[in-house]
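Using the sequences and the hints given, assemble the complete structure.
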Amino acid sequence: MTDDITPEIAVETTQERAPLNVAGAMPHIVSDDTTDDLKILLGEFEGPLDLLLHLIRQEHVSIYDIPVARITDEYLRYLRVMQEMDIAVAGDFLVMAATLIELKTKMLLPRDPTAPPEEEEDPRAELVNQLLEYQKYKAAAQMLWSRATVEQAVFKRAEIETDKNNPEVAVGLFDLLKVFQDILARHKEEKLLEIEREEISMAEMLERLRNMVMSSGELNLRVFFERARSRRELVLAFLSVLELVRTTEVKLFQRETFGDIIARSA
Amino acid sequence: MASNEETVNQEPLDEAALNEEASRELAAMVAEAEQTSGATEAEGDDDAPLSAPQSGAERAAVIEALIFVSDEPLSVKTIADVLKEDKQVIGEAVAALAQEFNARRGGLQLREVAGGWQFATWPEYHEHVRAFLKTRPSAKLTIASLETLAVIAYRQPVTVPEILEIRGVQSPSSIKTLLDKKLIVAKGRKETVGRPMMYGTSKEFLMQFGLKDLSELPSVEDFHDLSGGS
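These protein sequences, in sequence, are chains A and B. All letters in the first sequence, in the order written, are residues 1 to 266 by the working numbering. All letters in the second sequence, in the order written, are residues 1 to 230 by the working numbering.
Don't read these hints as lab results, they were simulated from the structure. Each hint should be verified, as a subset may be incorrect.
Covered stretches of chain A (chain B as the covering partner; in silico rule of three or more C-beta atoms under 8 Å from a C-beta of chain B) [to be verified]:
| # | stretch |
| --- | --- |
| 1 | 45-54 |
| 2 | 226-240 |
Derived contacts from chain B toward chain A, CB cut-off under 10 Å, selection only [claimed, not checked]:
| # | residue |
| --- | --- |
| 3 | Glu-20 |
| 4 | Met-29 |
| 5 | Val-69 |
| 6 | Val-113 |
| 7 | Ala-120 |
| 8 | Thr-121 |
| 9 | Leu-133 |
| 10 | Ala-144 |
| 11 | Tyr-154 |
| 12 | Gln-208 |
Beta carbons are placed, not taken as given, at the ideal position from N, Cα and C, and that holds for glycine.
See below:
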């Protein structure tokens, strides 16, 4: 019995199953007056049960006594409009269409007169229960929505900076001094011949540091200090690090306690 | 020569002497730093027991301070552990503190959320707070995601096929969104055909929906009448 009705929708089963929302992207579409005498407003339906609930409400019928034939026709009409508008109809909607058609045919069949009346179950019972159950969670979703809205109006304290959540403040001035001291001590051991050379200025040193940090994104300060060829250059190097930290052009951090200090462009 | 020594701070004349001086200063600073850090370490090692709050008022004050600095809602158990006091004593103290604090009806509330206590602004003042912070309400969940979340919240632990049964529609992208937003967590596999994954709500869910715990959710059966089917 169902066979002669199903082909009408079976054509569409080849359509992709993936999309969840039938009219998700386009909440309100009014169909073209020229192709359809009736203006049909397509809402956003979250699934076949949602659409069914909408139709039941629209037709002012009781959920406990659904006029299956009428609702089925309405439902299929909606699906057809969706298809005409090139809205991909999710497989779940087609499954419901099949269920409705099956239900419609069952309602048309004459009841078995020999069966005792108490054993007769309304073929719509399962669908009604499903709708009632879905309706509860739909309402629960609305409740969650309003809770979230209120909660979004409640502001909590912002995170407090601690050593744990911000490694960049973990390097103290003294850690920096220590590295510098190490380098200085090593330089002391190296007895170098003083050769006249061009003096590097503070500005040049700042530029050198900037370039070194920029070029690699990160710079191990040990490497930077070791490039200095004299005590004076070292002092300038040290000062330039302090300067760039002060102007927040670079940030210093350590990967581990007592590890090398890394400069990173801020 | 004497004048030379006096002006040494203004202009670097003798490079060698200057470097020597800088080096000496740095050495002294490093030594000092080591001393101080050594001292603090020693103090930390001692782990001197904090004196317990002397009075009820002091206890309340300490609790207030701890809740304020905590990034997450602070549980009574954690406070009791820090103060080394009985959980019940602390529980009563926090409740009393909250009552007293909230009676003030200032800009802040002390509230219970996700199993802990937290300071937060009252929602009434959100417009001013938003204007100051220059923020807007962030993107809310779609209806599909909210429905899926509602089913998970009330039916947890629940599997994807069970959610499909109730919603009548597949919801893989909703599940993914909820997982990404850390509102739900996987709760293991159900020992049934196909061993589907079970999902439940997270602590983040309680926080984002301002719930003390799951029992604070209104009963789903109560929605029966509200939704007014016919």
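Cross-check of the supplied hints:
With a threshold of 8 Å between beta carbons, the proposed coverage of the stretch 45-54 of chain A by chain B holds, since 6 of its residues qualify and at least three are required. Beta-carbon proximity to chain B at under 8 Å applies to 3 residues in the stretch 226-240 of chain A; the threshold of 3 is reached and the given coverage holds. Satisfaction of the interface hint for B/Glu-20 is found here, the shortest Cβ-Cβ separation to chain A being roughly 9 Å, below the 10 Å cut-off. Below 10 Å, beta-carbon pairs count as interface contacts, and B/Met-29 has one with chain A at about 6 Å; its hint therefore holds.
With 10 Å as the threshold, the beta carbon of B/Val-69 comes within range of chain A, its nearest partner Cβ sitting at about 6 Å, so the hint holds. Because the beta carbon of B/Val-113 sits about 9 Å from the nearest beta carbon in chain A, less than 10 Å, this interface hint is met. For B/Ala-120, the shortest C-beta to C-beta distance to chain A is roughly 5 Å, which falls under 10 Å, so the interface hint holds. At its closest, the beta carbon of B/Thr-121 sits 4 Å from a beta carbon of chain A; the interface hint therefore holds under the 10 Å criterion.
Hint on B/Leu-133 holds. Least Cβ distance to chain A is approximately 8 Å, under the 10 Å limit. Against a cut-off of 10 Å between C-beta atoms, the interface hint on B/Ala-144 holds, since the closest Cβ of chain A lies about 5 Å away. Evaluation of the B/Tyr-154 hint against chain A yields a held restraint, the C-beta minimum of about 6 Å falling below 10 Å. Hint status for B/Gln-208: holds, given a least beta-carbon distance of 6 Å to chain A, under 10 Å.
Every hint from the earlier list agrees with this structure, and none is contradicted.
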